[in-house]
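With these hints in hand, go ahead and build the complete structure from the sequences.
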Amino acid sequence: MTAPTAPAPAPGPGLGGPPPPPPHAWLATRRMPPVDLLAVLSIVLVVTGGILMASKFPHRPSLTAPVAICAVCGAIFLVNVALLARVREFSWRSFWLVARWVALAYAVITGLIAYSFVHNHITGSPLVVICIMLAIFAVSVTTVISFTVARFQEP
Amino acid sequence: MTDSTQVITAPEPGAGPPPGAGPAAPLVTRIVPLVGLPIVAVILVGLVLSMANDWRWGLDFFHVAGGGLWTAIDLFVGLIIGPILGRLSIPARAEFSARFMPKMLLIMPTLVVCTLAAGFQLAITMGNLEPASPNHDRLIVSFVIVGIMAIIALGILEPANVAVLFEMRKPQPNGELIGRLMKRFVYTAGITGALQIVTLIIMTRVATP
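Each protein sequence line maps, in turn, to chains H and Z. Sequential numbering of the first sequence, starting at 240, is according to the working numbering. Sequential numbering of the second sequence, starting at 1064, is according to the working numbering.
Take these hints with a grain of salt, some might be off.
[Said to hold, decoys possible] Cut-off 25 Å, straight-line C-alpha distance, at most; resulting in silico cross-link-like pairs (SDA-like, lysine to any residue):
| id | chain 1 | residue 1 | chain 2 | residue 2 |
| --- | --- | --- | --- | --- |
| 1 | H | K295 | Z | D1200 |
| 2 | H | K295 | Z | L1263 |
| 3 | Z | K1246 | Z | T1134 |
| 4 | H | K295 | Z | I1211 |
| 5 | H | K295 | H | N359 |
| 6 | Z | K1246 | Z | L1168 |
| 7 | H | K295 | Z | G1210 |
| 8 | Z | K1246 | Z | R1162 |
| 9 | Z | K1166 | H | N359 |
| 10 | Z | K1246 | Z | P1146 |
| 11 | Z | K1166 | H | L351 |
| 12 | H | K295 | Z | R1268 |
| 13 | Z | K1166 | H | K295 |
| 14 | Z | K1166 | Z | P1096 |
| 15 | Z | K1166 | H | G350 |
| 16 | H | K295 | Z | V1269 |
| 17 | H | K295 | Z | G1145 |
No wet-lab data here; the hints were simulated from the structure. Please read these numbers as outputs of a predicted model, since none were measured by experiment.
Below, the structure is given as structure tokens:
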């Protein structure tokens, strides 16, 4: 394989014109549902909820806003599942390949963060809400990365 | 530099592919460098042991060393590498990314989790999160900044990086798509670099009695 170099100068007449687009170039321009945007919105909400709760520790934080955030994120997740189920010509193989590994990585990461809360005596309903938010965080990150990869892969 | 659709694995300027040559080998064959996984595992085990035993030096080490490296890498990539990358041709960007991004996929999440988990435990044990502490408000501001950086990194940067790596595994990567995705990297790396400077100011202020 020749290592990539600076782009070749535009060929003149008779030299064959610009290089042809790759056969899968249509994947980069097709319209897809906003699954990634909704997943990012979920990440924004759980990060906000996490900051609200962490700012009150080690005392017991109010759970009203975090619980509302969890409910909204649950609804966003269901909408995303519905949107994904309706996508035609989608590389599910790539989606699940990436999702498996990202989910494993973020299970480790969120597990460590959850452990840090447990170890520092966060118990009861605040711990449950934090764990739900961490799970939403892991699922949302997995969704946005897997969807962004799979949308550009051939079905 | 051109953003038009082109094949990344371009041969010598002006030369056509050798007669009878098959499709070019992909730039990226492995997304995650497996050799780095045992190193990550050792670091995370050390973090858990430090947390479980409330080992103050270990917590300080993981928070200060992890945070320092996180900040330094973000600043270096955002303010030095990012602008250089933005001026390179798409094939040059692709070749750089093919070697750079897989390593970043392991390094950055490891540094972030070490910094945050050790930092939270330090904040609790040192009383910096108590509402009466003079550092309480500074820590909340730093939480917000870390939150914004996490959203940028996980919602914009990381998905684009992984998508670029997958595109480069194809025999004929789409140069236009790679250029478009890498623009995200160039723009957002500068923002996270600026936020890291604010983090540096806050953290050095917190550490000053």
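**Item:** Violated hints, by number in ascending order, as checked against the structure
**Value:** Failing hints, ascending: 9, 13 and 17.
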